[in-house]
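A.B. asks: Modelling step: build the complete structure from the supplied sequences, incorporating the hints.
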Amino acid sequence: MIELIIPAIISCITAFFIVFFMTPPLIKFLEKRNFAVKDMNKKEDVMVVRPGGPALIAGIIVSELVLYAFLQLNEILVIIITTSAAFVIGYVDDRKVMGGWFKPVTLAVAAIPIIAFGTYDTGLSFPLFGMVQIPVLYIALIFFMIPITGNTINSIDVLNGVASGFMVIASFSLSICLFIVQNYEIAIVSLPLGFVSLAFYKYHKIPSKIFPGDSGALTLGAMYGAIAIVGGVEIIAAVALLPAVINSFLFLSSVKKIVEHRQVKGTPVDHTDDFRLRATNDKSAPVTLVRLILAGGPLSEKQVGFAIFKLAIFSGILAIITAFMMGVTF
Amino acid sequence: MKFGLFGFLFAMWILILLGGGIMVTILGPFTIQQFGEFNWMIASGVKVIIALVLVIAWILILLKLKNQIFRKELKF
Chain X
1 MIELIIPAII
11 SCITAFFIVF
21 FMTPPLIKFL
31 EKRNFAVKDM
41 NKKEDVMVVR
51 PGGPALIAGI
61 IVSELVLYAF
71 LQLNEILVII
81 ITTSAAFVIG
91 YVDDRKVMGG
101 WFKPVTLAVA
111 AIPIIAFGTY
121 DTGLSFPLFG
131 MVQIPVLYIA
141 LIFFMIPITG
151 NTINSIDVLN
161 GVASGFMVIA
171 SFSLSICLFI
181 VQNYEIAIVS
191 LPLGFVSLAF
201 YKYHKIPSKI
211 FPGDSGALTL
221 GAMYGAIAIV
231 GGVEIIAAVA
241 LLPAVINSFL
251 FLSSVKKIVE
261 HRQVKGTPVD
271 HTDDFRLRAT
281 NDKSAPVTLV
291 RLILAGGPLS
301 EKQVGFAIFK
311 LAIFSGILAI
321 ITAFMMGVTF
Chain W
1 MKFGLFGFLF
11 AMWILILLGG
21 GIMVTILGPF
31 TIQQFGEFNW
41 MIASGVKVII
51 ALVLVIAWIL
61 ILLKLKNQIF
71 RKELKF
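Keeping their order, the protein sequence lines are chains X and W. Last residue of the first sequence: 330 (this note's numbering), numbering continuous. Last residue of the second sequence: 76 (this note's numbering), numbering continuous.
Each hint should be verified, as a subset may be incorrect.
[Said to hold, decoys possible] If you anchor each label on the Cβ, the simulated ranges turn out as follows: (1) W/34 - X/10: 52 to 58 Å; (2) X/302 - W/56: 35 to 41 Å; (3) X/1 - W/57: 37 to 43 Å; (4) W/45 - X/35: 47 to 53 Å; (5) X/324 - W/41: 33 to 39 Å; (6) W/45 - X/280: 44 to 50 Å; (7) X/101 - W/15: 50 to 56 Å; (8) X/88 - W/39: 39 to 45 Å; (9) X/302 - W/63: 18 to 24 Å; (10) W/61 - X/281: 24 to 30 Å; (11) W/15 - X/280: 25 to 31 Å; (12) W/39 - X/36: 18 to 24 Å; (13) X/281 - W/39: 55 to 61 Å.
[Claimed, not checked] Each computed DSS-like pair below joins lysine-lysine, with the alpha-carbon atoms no more than 27 Å apart: (14) X/283 - W/64; (15) X/265 - W/64; (16) W/64 - X/310.
What the hints contain is simulated information worked out from the structure, not anything from laboratory work. Keep in mind that this is a model prediction, so the values were computed, not measured. Ideal placement from N, C-alpha and C gives every residue a C-beta, glycine not left out.
C.D. replies: Listed below in C-alpha cells is the structure:
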C-alpha cells in the first residue's frame, strides 16, 4: 500500500496539470479553426468551441503510462487502449454526423482489449449476497458495459459543466469504493479519471469556454466502464452512475429506440423570457433528467447543474454504502 | 420534485440489491448434469435467459415506479 503512494501522487499531478495547461491552447486552436457551436442555453449568441476530448485523452494516457512505469499491470494497458479507442470513436462522431447505431456498436468493439488481455473476473459481486459466477454472460456484459457507460455520460452532457462535474463526483466515489474493497492498485489507476475531469471542469463549468464533445464524453465514460470491469466493481460503479443511468433510462423508455439526440422530434425544455430553463408540455418530446428536475418550475442553468450534482453525490454515498456491504454476507 | 428523484434513485438502488440477491441465490448454484460436455453451455444459456427476464422485470418495475413517483409532475 505504502509503495503505491508515490506513483499515485505523480500520476494524479500529471493528469490534472496536463489537462489544466493543455486546454487553453486547445481552445485557441479550435477558435482559429472555427470549430465552435452555439450554446443553446444562453440569451446572446454565444459560440463555444469543441471538442475538449484531445486534452482529456492526453492527460489520461500520460498519467496512466506513468502508473504503468511503476506498476506494470496489464489492466493499465487495457484501460489506455479501450479509452483511446473510445476517444477515436467520439472524435469521428464530432467531425462527421454518424447514425444512432455507430457509437454503441463501435464502443462494443472498443471493449475487445479487456477480453483479449483477460483482465476480468467472470464473477459478479453483489452486496450482502456474495458472488455469482457467470462465465458466458459476463463476456456479453463486457460488450454491453463500455457502450452503456460511454453513452450515459454522453447523454448527460447537456448543460455547461455537467458531464465533467458529474464525472468528478462519480469517479472519486468509485475510487473511494475501490479502496474500501481493498483493490488498492485499481483504486490508484482510477484516480487520474477524477483529476482530468476536475481540471477540465475549470473550463467547462458555466459559462463554458469549451465543450467536451463526443470525444470527451465517450473518453470519460469508457474509462469509467473499463475501470469498473478490471476492478471487479461493476455493481458499485453502476450505483455511482445512477443519475446518468436514470437519464438514459427515461430517454429510452419515452423514445423507445436507440437514436441520436439530434434525431429526436419535440422539445423537452425551452426558455422563459429571462432565459431560465423550463419543462415543456410537448408529448412528443423525450422525458429526460433535466426535464424532470424542471417539472417543479423554471430554474437557471446553474441551478439545474447543481441539482444534478446533488443527485450524483447522493448516488456516490449509496455506492460507498454498497462497497461497505460487499464485505458482509448473509 | 427533487425528493421524487432522490426517491427514484433510492428505489433503483434497492432493486439492484434485491436483483443481486436473486442472481446469487438462483443463478449461482444452478447446474445441469444430463448433457455431458454440453452441461456448462446449456446451464449458461439458461442463466442468460433468467438474467434477461430479471432485467426486463427490473425495467418494468422501474417504469411503474417512475409513473407512481412522478404522477403529479408528469404532465407530458
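A.B. asks: Provide an ascending list of the numbers of those earlier hints which the structure does not satisfy.
C.D. replies: Violated hints: 7, 9, 12; rest satisfied.
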